[in-house]
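These protein sequences, in sequence, are chains U and G.
For the first sequence, our numbering begins at 92 and goes up steadily by one.
For the second sequence, our numbering begins at 648 and goes up steadily by one.
If you're looking for bench data, these hints aren't it; they were derived computationally from the structure.
Among the hints, erroneous ones may be present.
Below, simulated EDC-like cross-link-like pairs (lysine to aspartate or glutamate); rule was C-alpha separation at most 20 Å, straight line [to be verified]:
1) Lys653(G) with Glu201(U)
2) Lys655(G) with Asp464(U)
3) Lys470(U) with Glu685(G)
4) Lys655(G) with Glu463(U)
5) Lys653(G) with Asp770(U)
6) Lys763(U) with Asp780(U)
What follows is each chain in one-letter form.
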Amino acid sequence: MATPSQSQFFSLLKRYYSLYTGGVIGFVVMLSILEQMGVPNKILGYIFLGVTVLLYASIGILSRTSDVTEYYVAGRRVPALFNGMATAADWMSAASFIGLAGTLYLSGYEGLAFVMGWTGGYCLVALFLAPYLRKFGQFTIPDFLGTRYGGDFPRMIGVFAAILCSFTYVIAQIYGLGLIVSRFTGLDFGVGVFVGLGSILVCSFLGGMRAVTWTQVAQYVILIVAYMIPVIWLSVKHTGNPVPQIAYGYVLEKVGAREKVLNDPLTSEGASEAEVRAVFKQQQTEAEQALKALETGGESYLADEKNKLSVLIETLKSNPNADAEEIRAAEKRMAEFPVNAAAATVAWRMQAESNKVKAEPITPHAEPFAGEDEEARDKKRKNFLALVLCLMVGTAALPHILMRFYTTTSVREARQSVFWSLLFISLLYVTAPALAVLAKYDIYTLLVGSSFSELPSWVSAWAAVDKTLMSVTDINKDGIVQLAEITIGGDLIVLAMPEIAGLPYVVTALVAAGGLAAALSTADGLMLTIANALSHDLYYKIIDPKAPTHRRLAISKSLLVVVAVFAAYVTSLKPGDILFLVGAAFSLAASAFFPALVLGIFWKRANKWGAVIGMSAGLGTCMFYMYITYPFFGINAPLWWDINPISAGIFGMPVGIAGVIIGSLLTKAPSKEVQDLVDHVRYPRLAGDAEQRIP
Amino acid sequence: MQLTPKHKQYWRKNLRLTAGLLAIWFGITFGVTWFARELQAITFFGFPFPYYMAAQGALLVYVFLVGYYAYRMDKLDRENGVQEDL
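With these hints in hand, go ahead and build the complete structure from the sequences.
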């Protein structure tokens with residue numbers, strides 16, 4: 092078969108994907124015509140999700156392969172530009188697409204740690220890893236560890252760490268998938284998880300990295316278009332400027348002015364806000380008092396309270412003039428009444444906490460490290476910087492990202508490809524803060540101060556879907572919406588943005604498809620990483636190095652199914668906070684891989700025992716700190732230097748680096764062959780390269 | 648295989664470039680953020696300066712750093728005869 096030259100291949104790809112982008116736009120236009128003709132929203136949602144998933148599946152089927160190089164590294168002929176798009180889609184997960192703008196909306200400057208951390212890490216990828224890994228030119232990250240440090244032991248630790256962080260990360264993706272599918276199709280969460288999973292499998296099962304690469308490029312196009320359209324629209328609506336990234340400085344100023352008014356009890360709006368906050372303060376105190384009484388009174392206090400409540404309901408019901416609303420509220424409280432003292436402690440503590448948050452005045456959006464006193468501010472600054480560092484180093488250590496740089500044609504292309512990746516990623520990350528500010532402005536000016544009798548339709552629609560995403564209650568009974576009366580879940584910002592901006596339903600469906608693309612593309616890359624670590628590194632390199640090609644691929648493909656089903660099972664248990672899972676994956680990767688990978692390239696003296704000690708000590712420290720401090724595990728040990736468990740990598744990284752250095756210096760220098768390998772990796776072309784090529 | 652002095656010079660130049668870009672990366676990321684509260688009064692394009700840097704400025708610098716590294720290394724490869732295509 093005649094293979095086309097690289098430049099022919101590149102222009103062919105450009106033509107295909109331009110046609111594809113045109114097709115996507117045409118498809119959206121066609122659906123909006125259908126919407127105008129009166130096709131119901133639900134059908135439009137189904138068509139949208141169905142067609143995009145089918146599309147990814149057909150790319151997957153077209154890219155099926157049984158060639159090892161094609162399966163593991165897409166034939167090493169992905170042009171820099173397209174590898175950049177694929178990496179961007181691989182990189183941007185459900186957390187970036189849906190969660191990020193919401194986090195920025197809710198926490199202002201604080202949330203920018205994610206924006207910086209998730210982009211700045213690419214500087215480390217470019218400077219320390221991508222070109223060298225490409226020159227090394229194998230299939231997986233444990234491959235590098237195994238070859239550079241010699242022996243199966245470093246490779247095994249690499250396999251373990253790669254699976255650990257990829258699995259933690261993939262759970263978060265599948266969770267996001269389930270959420271999107273269930274919300275837009277009305278299927279059950281569990282069913283949603285399996286539907287999403289099916290489409291991941293079709294993509295990666297037949298064609299491995301080759302299929303994943305070309306699907307990810309297609310997914311990038313959809314996700315970026317879906318993210319941009321509503322923001323541009325909102326920007327035009329509020330500023331008349333179609334470039335939101337430039338225009339929102341002006342909106343941010345206005346948001347700041349609104350915050351001042353709403354925080355000032357001397358203005359009429361500020362006074363109503365203060366009134367609502369006082370109610371929350373009152374509720375907080377009540378909850379705290381109940382907690383105290385529970386501590387002394389125990390179960391008997393709880394029984395008394397329950398009695399009082401039932402008496403109250405009786406009296407209300409016997410009174411013909413009683414407010415029906417009040418009876419319903421009391422009955423609801425009765426239905427949710429905690430069964431025992433332990434449950435009551437948990438429930439009431441949560442009540443006290445959530446009321447406390449609502450009773451506080453607004454934190455200005457653009458203020459860095461807001462806090463009561465210098466100590467609180469310092470603590471926030473410390474945690475911000477620690478998180479940024481963990482996310483950055485973690486970026487430069489996550490195997491599913493590093494693996495992508497094996498797929499370019501050359502070292503030169505690998506360097507360029509980091510540039511394209513970062514450019515495509517930054518496009519979304521520069522837009523997310525703009526989106527958060529525009530949405531905030533919209534809510535602060537249009538929703539706050541409006542009357543409860545004429546709420547915008549998106550408010551009631553989303554409140555009906557999920558109370559934690561959107562709810563408005565008239566706390567001070569004045570018929571006017573106060574900011575303190577609005578509860579918004581972070582995910583709402585992106586999902587409801589088209590409706591907030593007043594766009595047709597098609598755009599909402601497009602955004603859902605974009606979120607789906609983001610979650611699918613990342614999950615694809617992660618699953619492949621896990622399956623490859625098991626099939627290539629564990630089975631082929633360690634258990635049976637003589638295994639024929641077809642058996643290696645068969646094993647890889649069946650493992651993919653096993654991993655997928657297992658991941659879906661774990662996800663259906665809903666093991667916790669998405670953002671924490673994602674952050675944990677970064678800290679784990681940063682502690683386990685970064686020291687051994689970078690020192691392996693830049694320090695010839697680093698040897699096997701250094702790598703073994705550094706990787707296990709770094710990973711161990713990180714896991715230990717998470718285990719003792721993250722509430723999920725129930726130990727709640729005091730924090731070290733006030734660092735939150737999400738940034739556990741801040742302790743794992745230095746331990747890892749120290750481990751590699753000390754371990755290496757205590758044992759003898761690596762062999763001549765290994766040192767030659769390091770030289771081979773450092774120079775794009777070097778005499779003797781051919782001997783270094785391992786089949 | 649023996650490395651020529653030219654090879655060693657190439658690697659030294661690469662290390663120097665890497666260190667320089669890394670220093671900029673560090674200053675922009677951690678330097679500016681550390682002093683965020685002190686810099687809050689400065690406005691830039693209508694944004695408070697530290698907010699602008701974290702939300703946009705730093706990202707543009709990162710893109711530039713990575714792009715410059717790719718361009719500079721490509722040139723360095725050719726000057727020292729280690730480029731892949733002859």
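Exercise for the section: Would you pick out the hints that fail for this structure and give their numbers low to high? Expected result: When the structure is compared with the hints, numbers 1, 2, 4 turn out to be violated.
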